[in-house]
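Residue numbers (the working numbering), protein chains in the order written: chain R, 3 to 310; chain Y, 424 to 668.
The hints are simulated quantities; they were obtained by calculation from the structure and are not laboratory data.
Mixed in with the good hints there might be a few duds.
[Said to hold, decoys possible] Using C-beta positions, here's what the derived DEER-type ranges look like:
no.	chain 1	residue 1	chain 2	residue 2	range
1	R	D127	Y	V666	46 to 56 Å
2	Y	T429	R	G27	25 to 35 Å
3	R	P67	Y	W428	14 to 24 Å
4	Y	V450	R	D106	47 to 57 Å
5	R	D106	Y	L542	25 to 35 Å
6	R	G37	Y	Q607	28 to 38 Å
7	Y	V450	R	D127	18 to 28 Å
8	R	G27	Y	R661	27 to 37 Å
9	Y	V666	R	D254	41 to 51 Å
[Claimed, not checked] From the structure, some residues in chain R lie toward chain Y, with a derived Cβ separation under 10 Å:
no.	residue
10	C26
11	R74
12	R76
13	P81
14	S83
15	L86
16	R88
17	L121
18	L122
19	G126
20	P128
21	A275
[Stated by the list, open to error] Interface residues of chain R toward chain Y, partial, derived using beta-carbon atoms under 7 Å:
no.	residue
22	V15
23	F22
24	G25
25	I79
26	G85
27	L90
Using N, Cα and C, we set each Cβ at its ideal position, and we do this for glycine too.
Residues per chain, in single letters:
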Amino acid sequence: MVERLGKRFGDRVAFDDVSFEVGCGEVFGFLGPNGAGKTTTVRTLGTLIAPSSGSAIVAGLPLSPENGPAIRARISIMPESPGLYRRLTVAENLRCFAGLYELDDVPGRIERALRAVNLLDRAGDPCGSLSKGLRQRVALARAILNDPAVLFLDEPTSGLDPVASREVHELIASLRERGVTIFLTTHRLEEAERLCHRVAIMNTTLRLVGRPDELRERLFNLALEVRVRGSLENPGSVFAGLPGVDGWRVSDSGGYELTVSDPEIAAPSVARALIGAGADILSLAESRHSLEDVYLELIDEDTEAKRR
Amino acid sequence: MSFSWTRVKAILVKELNDYRRNRFVMVFTMTILPVVFIAVPTVQLLVAPAAEASSKLDARVGLSLLYLLLIPAIVPSTVSAYSVIGEREQGTLEPILITPIRREEFLIGKALAVIMPTLVVAYTIFGAFLATAALFAHPGMRSAIFAGSHIPVQVAFTPLLAGWSIWVGIAISARSSDVRVAQQLSVFANLPPVAIVALMGFNVIPPSTGLALGLAALLLTLDALGWRAVAAMFDRERLITGVRT
Numbered sequence: 003m004v005e006r007l008g009k010r011f012g013d014r015v016a017f018d019d020v021s022f023e024v025g026c027g028e029v030f031g032f033l034g035p036n037g038a039g040k041t042t043t044v045r046t047l048g049t050l051i052a053p054s055s056g057s058a059i060v061a062g063l064p065l066s067p068e069n070g071p072a073i074r075a076r077i078s079i080m081p082e083s084p085g086l087y088r089r090l091t092v093a094e095n096l097r098c099f100a101g102l103y104e105l106d107d108v109p110g111r112i113e114r115a116l117r118a119v120n121l122l123d124r125a126g127d128p129c130g131s132l133s134k135g136l137r138q139r140v141a142l143a144r145a146i147l148n149d150p151a152v153l154f155l156d157e158p159t160s161g162l163d164p165v166a167s168r169e170v171h172e173l174i175a176s177l178r179e180r181g182v183t184i185f186l187t188t189h190r191l192e193e194a195e196r197l198c199h200r201v202a203i204m205n206t207t208l209r210l211v212g213r214p215d216e217l218r219e220r221l222f223n224l225a226l227e228v229r230v231r232g233s234l235e236n237p238g239s240v241f242a243g244l245p246g247v248d249g250w251r252v253s254d255s256g257g258y259e260l261t262v263s264d265p266e267i268a269a270p271s272v273a274r275a276l277i278g279a280g281a282d283i284l285s286l287a288e289s290r291h292s293l294e295d296v297y298l299e300l301i302d303e304d305t306e307a308k309r310r
Numbered sequence: 424m425s426f427s428w429t430r431v432k433a434i435l436v437k438e439l440n441d442y443r444r445n446r447f448v449m450v451f452t453m454t455i456l457p458v459v460f461i462a463v464p465t466v467q468l469l470v471a472p473a474a475e476a477s478s479k480l481d482a483r484v485g486l487s488l489l490y491l492l493l494i495p496a497i498v499p500s501t502v503s504a505y506s507v508i509g510e511r512e513q514g515t516l517e518p519i520l521i522t523p524i525r526r527e528e529f530l531i532g533k534a535l536a537v538i539m540p541t542l543v544v545a546y547t548i549f550g551a552f553l554a555t556a557a558l559f560a561h562p563g564m565r566s567a568i569f570a571g572s573h574i575p576v577q578v579a580f581t582p583l584l585a586g587w588s589i590w591v592g593i594a595i596s597a598r599s600s601d602v603r604v605a606q607q608l609s610v611f612a613n614l615p616p617v618a619i620v621a622l623m624g625f626n627v628i629p630p631s632t633g634l635a636l637g638l639a640a641l642l643l644t645l646d647a648l649g650w651r652a653v654a655a656m657f658d659r660e661r662l663i664t665g666v667r668t
């Protein structure tokens, strides 16, 4: 639970007035443009940075300097850069961190972590000889070594090719199935949409928190997208007064976008009205806004506000 | 959570494994540099005329042993100056600081990882010097080395100078933003104790048991308190963000 958390570096506000809750076993996405304060928030929750204001409870413990070591023992953070000792082997890297967490059954844990990231056969390879994608997987193995109650992943697929990204996604999905609470910082929106139960959009302050579909509903009206052969002679008269249709406009694709209160009521009446007007219907579908649309809408609002 | 030797050991083993595979540390810092420091004393030892006055022989021995004391002063300073800033530059500091490790555990692990190979190298080189003296030096030179207080002083001051050098190196490393600057500064910071030992070696400060014991006690105190002083300078937030808190 995070309550009005903020961090300033002198006059510069890294993030401010951030409040949210993350449930046990939830995958929580943290989205925002570069410089929005995402990484600083993660570092603050990970006790690396002291907050300037507000409070938080992380993995069941109040965020405070005294609780720092205990919180860090219960969580794990995978930073954007893997940060591995390149001259040491994969197993030596993990052994070092197992010691830092004072874990028991070190060989067993290392084997399980490497199996989870499909790197068991590379345990003896120096980390410097691995590709970026493989190093990212080693960093992920290191992050799950201590069975953290909360796993913070900071841009886990940054700089990875699509195949390596997909592998990381599969691993996150498998951790989600195992009930690990994951705090995923990303600016890859399709990643957040695919993996997260809920997302928060942040731009120094928290703009929105909710399920991706909730955010879409909150930000965009329900709409039907209509495409017909040619164009309607008098669209206003075709769409006016139809049940469930609140308004219409010509869409960017050359069709018509109808704002509706209930797509299930509006769609049949729209179809009938179009046929009645002699139009050849090419498609009639509910307009789906992606998380990217939500994100861009909010960030654009911020940019506009700053300009004003 | 209390102080943990398991975490200290994790850092120590990691560091030793890293040195083992680091050609610069193994070849230059731990081999070539000490060999350079033994070259001059060995020449001093072998070229000394047999008929030289005992006071001159003593001065030669003092100078030779001063060179050998440069090993515990210079070797650890270059390695320890890399210890924190080096981790930061290769991106490994943040993953370490994210773990439950306390700064004291991190610093002691780092210091042990430097002092252990330093002592092995310094005493091995000193042993080689004594063996050369025993086998090849003329009797006058031999007695000047073995009869005086040179050996116990050398044995005692080697770890004391190394300890000072390590804490100063780590302190500079924790506050620097550039590895090269950190290494240069830490070599400079080691000059004061070496200078005092040198002044004693050349009789500018008349050496006495009391003075040697006093200097040893001072270095011992600084070494023992060093980790606390360095721990106070070790600021997680500043190291991660680069911003003073």
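Okay, the hints, checked on the actual structure:
{"no.": "1", "hint": "R:D127 x Y:V666: 46 to 56 Å", "verdict": "violated, 37 Å"}
{"no.": "2", "hint": "Y:T429 x R:G27: 25 to 35 Å", "verdict": "holds, 30 Å"}
{"no.": "3", "hint": "R:P67 x Y:W428: 14 to 24 Å", "verdict": "holds, 23 Å"}
{"no.": "4", "hint": "Y:V450 x R:D106: 47 to 57 Å", "verdict": "violated, 38 Å"}
{"no.": "5", "hint": "R:D106 x Y:L542: 25 to 35 Å", "verdict": "holds, 33 Å"}
{"no.": "6", "hint": "R:G37 x Y:Q607: 28 to 38 Å", "verdict": "holds, 34 Å"}
{"no.": "7", "hint": "Y:V450 x R:D127: 18 to 28 Å", "verdict": "holds, 24 Å"}
{"no.": "8", "hint": "R:G27 x Y:R661: 27 to 37 Å", "verdict": "holds, 35 Å"}
{"no.": "9", "hint": "Y:V666 x R:D254: 41 to 51 Å", "verdict": "holds, 44 Å"}
{"no.": "10", "hint": "C26", "verdict": "violated, 21 Å"}
{"no.": "11", "hint": "R74", "verdict": "holds, 5 Å"}
{"no.": "12", "hint": "R76", "verdict": "holds, 9 Å"}
{"no.": "13", "hint": "P81", "verdict": "holds, 5 Å"}
{"no.": "14", "hint": "S83", "verdict": "holds, 4 Å"}
{"no.": "15", "hint": "L86", "verdict": "holds, 7 Å"}
{"no.": "16", "hint": "R88", "verdict": "holds, 7 Å"}
{"no.": "17", "hint": "L121", "verdict": "violated, 17 Å"}
{"no.": "18", "hint": "L122", "verdict": "violated, 21 Å"}
{"no.": "19", "hint": "G126", "verdict": "violated, 13 Å"}
{"no.": "20", "hint": "P128", "verdict": "holds, 8 Å"}
{"no.": "21", "hint": "A275", "verdict": "violated, 61 Å"}
{"no.": "22", "hint": "V15", "verdict": "violated, 13 Å"}
{"no.": "23", "hint": "F22", "verdict": "violated, 21 Å"}
{"no.": "24", "hint": "G25", "verdict": "violated, 23 Å"}
{"no.": "25", "hint": "I79", "verdict": "holds, 5 Å"}
{"no.": "26", "hint": "G85", "verdict": "holds, 4 Å"}
{"no.": "27", "hint": "L90", "verdict": "holds, 6 Å"}
Hints 1, 4, 10, 17, 18, 19, 21, 22, 23 and 24 from the earlier list are contradicted by this structure; the remaining hints agree with it.
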